[in-house]
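Asker: Join the two chains into one complex using the hints; note that each chain is given alone, in its own frame.
These protein sequences, in sequence, are chains A and B.
Here the first sequence is numbered in this note's numbering, starting from 116 and rising by one per residue.
Here the second sequence is numbered in this note's numbering, starting from 51 and rising by one per residue.
Hints in this document: simulated from the structure, not taken from any laboratory.
Treat the hints with caution; some may be incorrect.
[Said to hold, decoys possible] Taking beta-carbon pairs under 8 angstroms as the criterion, some of the chain B residues facing chain A (in silico):
#1 M485
#2 H488
#3 D495
#4 L549
#5 D558
#6 P583
#7 T599
#8 R619
[Claimed, not checked] Heads up, incomplete: computed chain A residues facing chain B, CB under 8 angstroms, no partners named:
#9 Y118
#10 I119
#11 A150
#12 G151
#13 G153
#14 S156
#15 A159
#16 R204
#17 F235
#18 A285
#19 I334
Ideal Cβ placement from N, Cα and C applies to all residues, glycine included.
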Amino acid sequence: MTYIAKPKFHHPGLKKNELGYTHRDYEGKISTLCAGCGHDSITASIIEACYELSIEPHRVAKISGIGCSSKTPDYFLGNSHGFNSVHGRMPSVLTGANLANRDLIYLGVSGDGDSASIGFGQFAHSIRRGVNMTYIVENNGVYGLTKGQFSATADRGSKSKKGVTNTDNAIDLVAIALQLGATFVARSFSGDKTQLVPLIAAAIRHKGASFIDVISPCIAFNNHAGSTKSFDYVREHNDAVNRLDVLVGRDPIAVDYAPGTVQVVEQHDGSKIALRKIDADYDPHDRLGAQTFLARHAAKGQIVTGLLYVDPEAEDLHEHLNTVETPLNTLEADTLCPGSAVLDKINASLR
Amino acid sequence: MKPTDIAAPDYFHKVVDCQWACPAHTPVPEYIRLIAQGRYSDAYMINWKSNVFPGILGRTCDRPCEPACRRGRVEETPVAICRLKRVAADFKDDIKQRLPRPAAKNGKRVAFVGGGPASLTVARDLAPLGYHCTVFDADPEAGGMMRTQIPKFRLPNSVIDEETGYILGLGVEFRGGHRIESMKSLLAEKYDAIFVGSGAPRGRELDIPGRKEAAANIHIGIEWLANVSFGHTDKIGKRVIVLGGGNTAMDCCRTARRLGGEKVTVVVRSGFEEMKASPWEKEDAIHEDIPILNYMVPVEFKHVAGKLIGVTFQHVKAEFDAKGRRNLVPSGDPDQTIPCDDVLVAVGQENAFPWIEQDCGIEFDKWHMPKVDPKTFVSTNPKVFFGGDAAFGPKNIIWAVAHGHDAALSIHKMLSGEDITERPLPDVQVSSQKMGIHEWSYDNDISNDKRFKVPHRDKVIALKDIRAEVELGYDVKLALGEAERCLNCDVQTVFSTSLCIECDACADICPMDCITFTNNGEEDDLRHRLKAPSPHPDQDLYVSSDLKTGRVMVKDEDVCLHCGLCAERCPTGAWDMQKYFIEMTHAGSTCPTRSRSAA
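The shape of chain B in the complex, shown without the other chains (with noise of 0.2 angstroms):
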């Protein structure tokens, strides 16, 4: 192989498991490190810079971090980086002093149709700019989705109070109970830019026999969630059926434990294993006392004169084709009937724009879906930008925030005259973290506790009140030894090959064995003779150039605890931990685009 690159900014990041998997790529091990020194406004404005919704994310992130830390690689359980980010918006100070200040105009226009998490996060990086930002939206308040469709207990409206609130407060302007019904009307407006996050907001239908005639007690899942949180409806039959196996379905039938449905039953077609839900939104919903049924597809609504008594479900099971493809066939037993009061459909989302023109300049792929740039989110109208859930289908927050990033930085460069092709590289810094022949600026003692709980409301107070937040978030003491399993991957081990007299030392002290001086040979080959197995190919080979007995260094980066013990038992400082710090770049920020070197 050949000696690996440590320069790319891509190397070492891609070794920070969860800052990569991270659609904004947060700096997680960094606000990790500050939230164990009780820094919890500093955590808390790394979270803001770069995912603009801390404390909302903290309650409802999908998480794509948490399956790729390297801790769940080293024993069961990832670092619980989700509600430690919750941690840094629960006890941060007072931050408002910290943000950017309303700026004085630039005399651009941009409008933003809806006012959920992308187009919040496109005027966040805009508005300090000198832009003027008009935010449209049907609801009377900001938040879009996060705000009509997550339920209150997992998500106060204070904590969405609060955060929509700081960008608004830059100057953005907000035009609630504003549905924007035309595309040609709004361009007829002459905004300098448009950028579109009017989300997926159409729930699936199921047509099915006894559909029409039992319409009365079959709801829509979001669109009963948001008649909820507006407070349209408070009640629901005791005989509840949940369709689906998504987290809108494991929504819905919480929901309904809390407005008198007693017995909630979810039913999927296909396998538990495989919903669609995130599997900690499933332990909360069975938690609750609702069996999930599986393997079983609805296929008529039962009525008598209208009024629902009933779902009837065939029993199906898995088959696989030749291919490997998997189909759902019938099993053979007989069809079974559920009865109940009231059914909550939430098999899926689809986007719908029936507001924009066919002239407008906007071309559509045949699925209906804007054919959109996916890294610079504009459409084929060059004013035009999509993002979040309007751009490419029903994903979650997070993206909706990358897409924001990225969509705002084109915006901008629009503007500025430049080519929005040409994107900025990430702000990269490299430090070594030896302070002492063995002390490092970093904790390398690593932890051996296994992932905190986060305390939960009592269950029988938390299903009587609809707005009571189930999860009461770690309290300090909780936090601290939950931020203490972080293994610091971003605290990199750095080689020197000129330095390094093969002494053995580090490959001897290595508590995982992730070190190996052995004789250059193609990967596939050089996987084969590490110290240890190295199961995950994803994970990189760290490997030098030729060592002075012709043999080279191989470092598996799978599964480093990044405990610096290599460093400290090298004799010549071949190895040293360096901390990487990497920022994406956002609009306004001076852009690196030429390559530069680090370490």
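Extracted from the complex, chain A is given alone in its bound form (with noise of 0.2 angstroms):
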């Protein structure tokens, strides 16, 4: 662990937002997670896409479980809100908040302790009911907080730092995530920064459940010959399927780009991505060609990254439940409890 803080001196010629603030205006505290930590490069990630898009970082509600990865949003926005949950209730937890304040930007980060063995009854109702929100597992098939052991995650005849090989079925919680009907759904891994910062930017700019994978090396247990969680293991094995670029209020820039290798779709709220495809045949629009297309590569052993569904056309718990357009924390009493008047009227429409 690093005694000492960061310093707050930055490079002078570190480039400003439109708020004029820098990336290092993002950060958090100092990270106590071991050195080299996947989970850092991730919230690296998350810094440097609030910067991109300009966020303003009152406007955001960080909530996470327990674990190391449910440590790190004390490690960025160090000026948001954030809420740190009992194991496994990030879920419920963020739904509440965005129940009563749908006008924050709500970011859920857990791990796959926290997201696949306790929690993931939870993990699989906020996806259902398509919360508007961006959930990061920061996946590292280990439980690292107690020393290694395997997690839900963990492939099924990897071996662990010691040698024993995993004789449990993992869990796919991308291939869950699918199922459930999120309705932006990715891959990525923190060793790969230019694939996983527009990633999350784009999840930010989803409306409805946004769900991201994020493998990331557990330095201290699952860094070694056998992992399938290693840095070795997951470049030797990365499929990407596509790279994207997030265009905010800017006609695509796809001047760099062989023609035809550019697919841009636009979401709800104007802001474009614009995804250059690797895998000339995927449809990040086929659900149930998403689904087929990582069955059939995980079996190969291969890692499939990248943005693997989304629909544009989302919609989110608040239209599903048609709430008002203002927050409910903001509704003044006499609003929320018109009154018996009211009430009457309601009970006789219903005789």
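Answerer: The following block contains the structure:
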């Protein structure tokens, strides 16, 4: 653990975003995770994405559970709202917060233990309901805080640091998210920021349940030969279907790409995602196709990354519930409780 | 780009900007750390070895180190390196026991013309090796221009006495009041070598109408300062004009303020910004209520019956020709006459060697300067060496010291029968600073303090006493605060490609965005692909060999804080913080000449 605070000085030539902030202004406290942890790179990517989108830090609520991954919201967006909830309960706390104040940007940060084991049900229901959020799982395949036991996402047949082979089947959170109806599904790798940063930015701009599974090697317990979540293994088996650029309020700049290889996806809020296809046949609008594609490649031992599915016309929980545009937490008592005359009227209409 | 060769002594030396910029290459961060630890005597000795006059330079140096200081690229102001040097001198204990002992004589005799910083440096290096050194100076005491031209309110005699005394105490023979009038007769005395460190002793004239008629009240700056220094001059008229914009002009005007000058004005030909004087010397003059008027060219000394009454100036403006050269052309405003009682002319200094006869084997160039080799400082007479202002014209003390070290080495090599053109490599030591997982043997926590001001004596008191030193120097507390501002640029970030697993931890934590992992390319292209802009191409890029993914690690050395966070967050120890100590090889040290590898 580093004992000194990160120096306040920054590069004198750092660019500022539309709000006049540098990316350093989106940092939090210095990380207390092990040196080299993949989670720190995800932290850096979230910082970069929020900086690039010129997000006002006070417009963000970052919510997490328990685990190495769930510590990370302390290390980014030091001026945002945060809630470090009970183990595995991030999704329900986030859902509640979202219902109370629909105006904030919700960032759910969780790990494989938090989301695939103790909070598996919570994960499933928040996705199923279409809560407008960005749900990031920092997935390292081990329980790092309890010294490296296999987690529910560890691949069958992979080896622990001590050489024990995992005999349980793995949960693929991306496959589950697709099945449960998430409207933005992606997988990425902590060691590939050029792919990860725009994915996070696009997910934040997506209205609906966005889910990103980020493979994040655990330096202390899961970065050895025989692991399927080590830097070397992921780099060797990474099968990226596409790369993307997020364009907000600008026309897509596609001059650098060969014609036909760029697909522009316009989201609900007018932002655009320019997808550079790597796999020409891959269609990110085909949920069923994505599921098959994933299963087929998983069987070959490949880790599919990129934007796997997006529904640009997605709806969220508030639309399903037909709530008012005004955040509920700002409504006054007389609006929320209009009195017995109104109740009588409603009751009468149901008779 | 090719992988950076960090074994080349110059690579990391350049990263220590202050040391690289210092003509004598004083190990600045090393002595600043010692000051922070309260080890003032140790800090003093590092300086003494390298720049010979820490107490004098700590008050008067032109500080080429400070504009180079990395801190100045990170925030507004550099570390007050010069004034910290003075702290070491002010707070040290008695260091006499640490000085070299006068050595048994080796039978070789070296003569020195002039007893200023260049000569004394050569003598300091040669005397402990057994050379019999004889220093001749026209003035009664050693020190040269340090004693005669720098006012006592900037540099008290006690400091000069102490530091020249250390050198004369090494068994150097000083013959004061003995001006060398003939090189020929000096050569005839059969010295084994002669070093000329006679400075640039002649003040430049200003030959405009009225100069001869009003001569009684027109003084040449450096001569006047010397007269003040020796007590021959102790007053001046109430209204004084100082012509010239260099440090001598600043010394003249401030001295005039103390000798009765109530309305002292500095007038310069060019713009205020282009003046040769150091910014802090201009500030000090302005602080003493001395206005500096610019873009005014003196055209006539006005006098009535030989009594000076004023100086007439023509107003000019700067114009740039097609080649970008600046010319001063009349602005069209009417000439202006400023009334005055005395004028001090400080428009430059010149070298003068009327005492060197043409048939001494010493050749001169068309500017009447001796032909001197810039590395060995030998003249065309193999036994005669030049250094300081006498070699290449007026510079400042620290350059004279640097010349002196090099000339001493040449003299020693020549008299040892070695080839003087073969120069020794510097002594380099590299050592890891790691003490624990996240513990270093240097303070890596970066101070956010702004530069601390050096306390000054109250202006009313300072202006009354010409010998009262204006700057009081840092006290211990201020010195510690200022020392903490140093970024320890000599503690280098050293990268081992084979250990790197490309986890990005260093790039993520780096507060200055110095580190980028990217595909290799040509330097220009690479500089455009870094995480942060790279506005200083003179600052090197540290490039690794190819990593596993085929990319390279590129570090822009420009604004690295040397905080060591890259090494703290590195899981494999691919980054290490290693102290790089480089010291110039002086005469008599073991001289490593073959190439050697660092780290």
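Asker: Which of the numbered hints are not met once you compare them with the structure shown?
Answerer: 1, 4, 16, 17, 18
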